[in-house]
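Chains as they are written, first to last, in my numbering: chain P, 1088 to 1589; chain R, 1088 to 1589; chain B, 1088 to 1589; chain V, 1088 to 1589.
A hint or two may mislead.
Just so you know, same-sequence chains aren't split out, so a pair can sit in one copy or run between any two.
Calculated lysine-lysine pairs in the DSSO-like style (CA-CA distance at most 30 Å, straight line) [stated by the list, open to error]:
id, residue 1, residue 2
1, Lys1346, Lys1121
2, Lys1256, Lys1478
3, Lys1346, Lys1516
4, Lys1162, Lys1325
5, Lys1346, Lys1546
6, Lys1484, Lys1089
7, Lys1104, Lys1090
Keep in mind that the hints were calculated from the coordinates and are not lab data. This one's a predicted model, so the numbers in the text were calculated from it and none came from an experiment.
Protein chains: 4
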Amino acid sequence: MKKVVVDQHTVPQAYPKKWKKVIGTGRLGLALQKEYLDHLAFVQKAIGFQYIRGHGLLHDDVGIYREIEVEGRRKPFYNFTYIDRIVDAYLELGVRPFVEVGFMPKLLASGGQTLFAWEANVTPPKDYGQWASLIKAVVSHFIERYGEAEVVKWPFEIWNEPNLVDFWKGADKEEYFKLYQVTAHAIKSVTPDIPVGGPAICGGSDEWIVDFLQFCHRERVPVDFVTRHAYTSREPHKVTPDYYYQELAEPEKMLNEFKSVRALIEASPFPALPLHITEYNTSYSPVNPIHDTVCNAAYLARILSEGGDYADTYSYWTFSDVFEERDVPRAQFHGGFGMIGLGSVPKPTFHLFAFFNALGEERLYRDRETVVTRKSDGTIALVAWNLVTEKGDGFDKTISYVIPAPADDVFIKRQTVDEQHANPWKTWKEMGRPRFPSHSMVDTLRQAAQPLMRTARAKSEAGFVTLDVTLTKNEVTLIEIVPVRDETDSYVGLDDALITSY
Amino acid sequence: MKKVVVDQHTVPQAYPKKWKKVIGTGRLGLALQKEYLDHLAFVQKAIGFQYIRGHGLLHDDVGIYREIEVEGRRKPFYNFTYIDRIVDAYLELGVRPFVEVGFMPKLLASGGQTLFAWEANVTPPKDYGQWASLIKAVVSHFIERYGEAEVVKWPFEIWNEPNLVDFWKGADKEEYFKLYQVTAHAIKSVTPDIPVGGPAICGGSDEWIVDFLQFCHRERVPVDFVTRHAYTSREPHKVTPDYYYQELAEPEKMLNEFKSVRALIEASPFPALPLHITEYNTSYSPVNPIHDTVCNAAYLARILSEGGDYADTYSYWTFSDVFEERDVPRAQFHGGFGMIGLGSVPKPTFHLFAFFNALGEERLYRDRETVVTRKSDGTIALVAWNLVTEKGDGFDKTISYVIPAPADDVFIKRQTVDEQHANPWKTWKEMGRPRFPSHSMVDTLRQAAQPLMRTARAKSEAGFVTLDVTLTKNEVTLIEIVPVRDETDSYVGLDDALITSY
Amino acid sequence: MKKVVVDQHTVPQAYPKKWKKVIGTGRLGLALQKEYLDHLAFVQKAIGFQYIRGHGLLHDDVGIYREIEVEGRRKPFYNFTYIDRIVDAYLELGVRPFVEVGFMPKLLASGGQTLFAWEANVTPPKDYGQWASLIKAVVSHFIERYGEAEVVKWPFEIWNEPNLVDFWKGADKEEYFKLYQVTAHAIKSVTPDIPVGGPAICGGSDEWIVDFLQFCHRERVPVDFVTRHAYTSREPHKVTPDYYYQELAEPEKMLNEFKSVRALIEASPFPALPLHITEYNTSYSPVNPIHDTVCNAAYLARILSEGGDYADTYSYWTFSDVFEERDVPRAQFHGGFGMIGLGSVPKPTFHLFAFFNALGEERLYRDRETVVTRKSDGTIALVAWNLVTEKGDGFDKTISYVIPAPADDVFIKRQTVDEQHANPWKTWKEMGRPRFPSHSMVDTLRQAAQPLMRTARAKSEAGFVTLDVTLTKNEVTLIEIVPVRDETDSYVGLDDALITSY
Amino acid sequence: MKKVVVDQHTVPQAYPKKWKKVIGTGRLGLALQKEYLDHLAFVQKAIGFQYIRGHGLLHDDVGIYREIEVEGRRKPFYNFTYIDRIVDAYLELGVRPFVEVGFMPKLLASGGQTLFAWEANVTPPKDYGQWASLIKAVVSHFIERYGEAEVVKWPFEIWNEPNLVDFWKGADKEEYFKLYQVTAHAIKSVTPDIPVGGPAICGGSDEWIVDFLQFCHRERVPVDFVTRHAYTSREPHKVTPDYYYQELAEPEKMLNEFKSVRALIEASPFPALPLHITEYNTSYSPVNPIHDTVCNAAYLARILSEGGDYADTYSYWTFSDVFEERDVPRAQFHGGFGMIGLGSVPKPTFHLFAFFNALGEERLYRDRETVVTRKSDGTIALVAWNLVTEKGDGFDKTISYVIPAPADDVFIKRQTVDEQHANPWKTWKEMGRPRFPSHSMVDTLRQAAQPLMRTARAKSEAGFVTLDVTLTKNEVTLIEIVPVRDETDSYVGLDDALITSY
């Protein structure tokens, strides 16, 4: 049995919740939908992310870029009806835009290459002047509507994954740098205080980072932060229109990716730039069933625990299964990225985030499968997990904690997500995988999605609380050890032994 | 191991939810409060009682009866400001008044005897003419505001527990009959279609029923229903200002009480009158801790299961711990009657009602510890309980069910309340019994109040589903056996074995 | 001065609110949006339409028809994720679908002709067998989810405006009849109790009605109702990408259109078929500023007053400016069809409907500019209007009403929409026509959108109330004459003359 | 015609909204009620007061002070169940307690003298030690629940109107000083940072202020602020159980009262102490019809305009007609203090506050009937009023404003409360003064309670906007002159002249 002993002389480490700063979302146009906003309200109430980042600001469904004919000449027409509604909704829910600048409006596109079911145009602008005007118009409108003091808090990231041929025509690096340069200058021309950054790459193309920063340095192009994405699934071993199956690499792979970019930045002409991981998840496919599983949560636990050591923010992709890259979702569970499934059913990964959200600001102990923290009121809050990527039953693991007691008497509150609890995907399979479940089926899934809750009372011994915690396969558990101020003596006449059956 | 076998040739019995027709509440004046209405909304959304009955319609806090001086003479003044607000709120929440006519406005009282912390006056009117005018004014106002078609659906019960000296001065039967006569005639003089009844007695004074019906027959006084109360706690073995400890009699005692009144009615000149049990619970004390326990739910299960065999309605006393008979509640848990504790924390008895609410309209089987039903969609819904009034651990009991399968494949959903689950009182004790818990403590109690949820898939064998159900001490469990239409084959490319760890 | 005298011996006419049975909406896919649902909730709370009819059930954004490859063969795949969400939302808001079957999913289309900014495909199916399978799948799914008892209340109308070349390839009548035949049979094969109808034509193509009914008769094709549309704007005198200017024909033109179809039906082999006007408005263009004006309301008043004489239902096109046929709305006001403008700003036409909704079920008097009704509580409710299509100021008109008094004392409540009141379009122009108004501007528009409210007390004379009502240009007014039960004498000590300044 | 000319060189004065810092309320126990909280939410959304002050913190209905018997001895028992719920609700609505310490719990009272229908005990404590313990317990509990950082923002005022024999036994000044001394020390013993003050007197007893401050100085008793009340009604000329009629003194009288206390403070040993007017209104009677009138608003306008010159805060008594000092309200309108009448009907005085809330932070001009301000976005916001205490019609008054234009084009938005508009009391009288109005009657009153809204467009001339404003009898008007950025030219193809009737 593994033992975790927290010494009384431990110097606590600051443990800021960097995983909480940004959250990812499908394209912005979806933010007009009620179901999407219901999910976002759910997540914001429970967790409270600070920023939200999604694709498609300039995609034609948001409708910003249009043209009209005036006296025989075509002129740009900027329509902010929908983007205003979207940003208004975000701000009302307490989350600011982490702006991703892209994709290309059809009328400005230099080519017809598109991506996703919703046909994101991934070609460079046919006219960089018109593009710059569009960018300036958008930024100016934001400032007019929300005030400069607000908008300078929104980072602007230029494009998405330009190092992939599907996401940027030809994965053309030089063309991307040009786009970046024009866009960054356009933004800064409105106000120099808005932070801009890139290159938003995905996968192992580290030279893009190096070259990008060199380019900015050489060409004196503004750059306020560096971004990249991280997914740790291996190459798929089976792909069908509706499924994508992959093995997961070790969590270290992702952490190392964070770390390596940090090193590249430090070695660059801009060694102090912040690093934002603007997307991460296990798999990059929105039809990989892993996302619906408890294993996904157990896998990501370590990323939440350690990712903040290297990245200034990292943004889970995505909060909701309201998502259309592979068409309208075809079933209640379909391998979507969302923490929240259709019908507002929270998946295990949602609870992982909620559990980490309950941790304290001081870290007392951490290893690869647990992190122990202290809150300002003295409560010890710890998360432990038992990632098992092998098949089959069993794999229970016990950790024995010895922790300085916050009081002589403590109340212990434990919440558990595992294969048997808070696993609506399992329940859904038992129900026969109803694609379009009835209201009462969805109610059952929501009930099944609640973590197992166990509470107990314990006494400290010699200033320590000892706790043996057995973790089942892929369990993620949150344990809170709360100091007790016992008021029992104030109840005059109380005698539990006189109550029937007690 | 006990075996419950439901034959395929069983003729289902109709199983109407008579326990759901009426619910009790502390005095009506409390219905002005937001916390009260929050609890009622909670209960109505989950269960949906049809009527609500509470004390104090004419108590001075509702303020209906006042007097004013006009040209040197005192005249009655009827103020409906608050009662309108109260009844409006009830109707908005989908529940109608089951009117209890009482207690006595101070200005009409013949004496000063009062009851409860809120000082309900329990003396007869000093002037029966003024009393009759008051009753007519109230009924007329109800009809003017809500329409006659609505108001004739409200039963009017005259007074509360007149056979007890604390509740009616001298427990004077003849005086009660006079009050009943005057009141019934006053109501019927406004419209003969409003149902009136009594005598609302409590405890074993059966002769009141007999005499009351004889009186009505002899004096040709209208009577449309008969009411009494039923509590099965024995004499208290310890009483303090804040606690009242009693043993529970067998559930049969209560059922027999229902049954015996039914027999008295049948032997009376009005053999077909409906019987309304207008209050029941384990203990009649609002500071008996039994009400907070799982045992309370396990005890009452049989009453819910069988009470409707004898009573037309029976009304659990009460839905909420917003209650003041023994002063403002002095702690989060204090032995109050409520299904819902302060801060909207549901107690085990709430779930008992919710579980019975999930049963079907056809009863397939019933004994003293389980009832098996079928819903119109074929789902089998059963409740089982394991009442243990002895102290100590253990007492597990297993029931083996053999039930005609609603389909070859079934989905099994089980919800459990027991000493370890949905038992916020236990969690509260572990917390040190905080009297005035913080918001986060109340959140923990609400989480701890959720039933354990377990789901599974099963196959029928030879047309039957076999289910071994182990019940822990005082467990109450709801099991739903739902026919499955399996859609798995429609998922092209699906192969769970390719998902990491599955 | 015109005089309207209602004789005491007038026999009241039944005056059912047929205009309230159905309401139109932009394509169903928009019903996923929060803003859309906010507007619908607003309208339902105030008015409560029974059915809603919109385009695009089968358009690709709702996503019902897809194909998947199974073992090398393409097979249809029916996705109900979005349509379930849409219909769920409608039913929750108390409004049922009046189903319009169309347009063509791209994968089933025989050609590429599309309509509207959202590219509705208007070509016949490339394979009528696959089309029939789709229809059966949709209807079967509706029944499975909502129950047959519910779905048989939904009328199914086949296609939209097939007599127009833009809406049905070639406006090919024979092809339409074929589509109708296949679709009607497909629906009826699932359950014969669902009502089906057509031909949903627009404009003066009366021979379509005649031929359609002949065809159904000859070919024994089921037909349960007849539908057509009605717009009374003349040919446009100016058209730009963002504006469409037309003169309005007399309201009689629309009423005559209703009447003439009724006559055609009566002369047909199905003389008793119901007539549903499934769309009507002044102009058929979603960028005609008339829709934002008070004149639009004054014009339509007569249609609401008299349309029900000829049609069984008639459906105003549309309830909301959330609408995309001409692109995302480009400004707060843009000539959209909606009763409710962006940001939930009600337009004058909304109040017209709200005013008619306040009328009674008995009609006492009607002419071309007023209708006088009585409610079940005796209240007289009348609407009057003063349609002025000429330019310039002036045009006040006074009507003197002499109406049997519901009581000696009456309370008069008058609400007014006119050029100066409840005219947010005027206020918006004063503000400089902000395209994307700030929140505080929208608040101002909502305030400006409230009707003028005036109240007074009057006495009847010789059993009549006399009321001189002056109507300003394009005013629509609702006047309620309510019987008063004066309680003043019950206020002992009251003396208004003792209040400062009174 | 009066002329108000604002010079372009005017130096704007700071114009903080001191009237908005505190609002009064009936006894705290009423804050448990839903209707009360609905009104408070209404007011907070529209205006947003910072503090709320009401009677009865220690009254028995809140239930804080109780006693229990422990081993034969009575001990105090402090029950915070209700006060927690009340303060929680306040904080949730964004308003902090301005704590009034009083009245006397029955069990601590030295005598039986009570006040109000709810029987506030106004006698000194029978034991100052027990009183001090109670105060410490309450303050300590507040700190435990809400945190010290929060509670030190709550002023604690000792008792209410001790200079009146009805409010403090014998109006005994020495006894009050003793109470003050004990209470202030008790509070400060928990934390010295909580501000304490008094003497909360009412009426012209200026020597109380002088003596109180001398006493504090002499005895070294903490005092952090000075409080008094101000009502300007003259002696009543008629009093009945349900009515209280008085004439109003000139508004100067109240302002002079504010001013004179300020002078007394400045002449005292604590010249810098803040002055809080913890109650003010026209009449001090809760059954004076003046409170329901437009005249009440017109009268108080000057107090809102100028009161902040002398007082640090002044607290309108009260926000709501949910109030019981003279019994449960006996009719919809009954002369209650509330800005908001029963059923959430706003009275004219509510709008007065809403209008002043719309003013800017810079004052450009002020006289006895108008105040002109500028907001940070350049908007000119002015309020004007026409107080007429004489009877009869007429009394129109015109003011001609000449104000520096915030732009060449301005949008003018005017809202009006006068005898004809936003006067639900008038409408209610027309309805026959229904005591307990039906829901539809209350809807009508709410509609009638909306201010008249008028909008227009104007052009500046030579840098000034000229505006002739005619005020009817007792009108209070808010006029906002908003700079216009006209976007009309951006609408390509726009031609209003082509719209029918325009």
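Tested hints:
no.	hint	verdict
1	Lys1346 x Lys1121	neither (38 Å within a copy, 41 Å between copies)
2	Lys1256 x Lys1478	neither (40 Å within a copy, 57 Å between copies)
3	Lys1346 x Lys1516	neither (39 Å within a copy, 47 Å between copies)
4	Lys1162 x Lys1325	between (48 Å within a copy, 21 Å between copies)
5	Lys1346 x Lys1546	neither (42 Å within a copy, 51 Å between copies)
6	Lys1484 x Lys1089	within (8 Å within a copy, 36 Å between copies)
7	Lys1104 x Lys1090	within (26 Å within a copy, 54 Å between copies)
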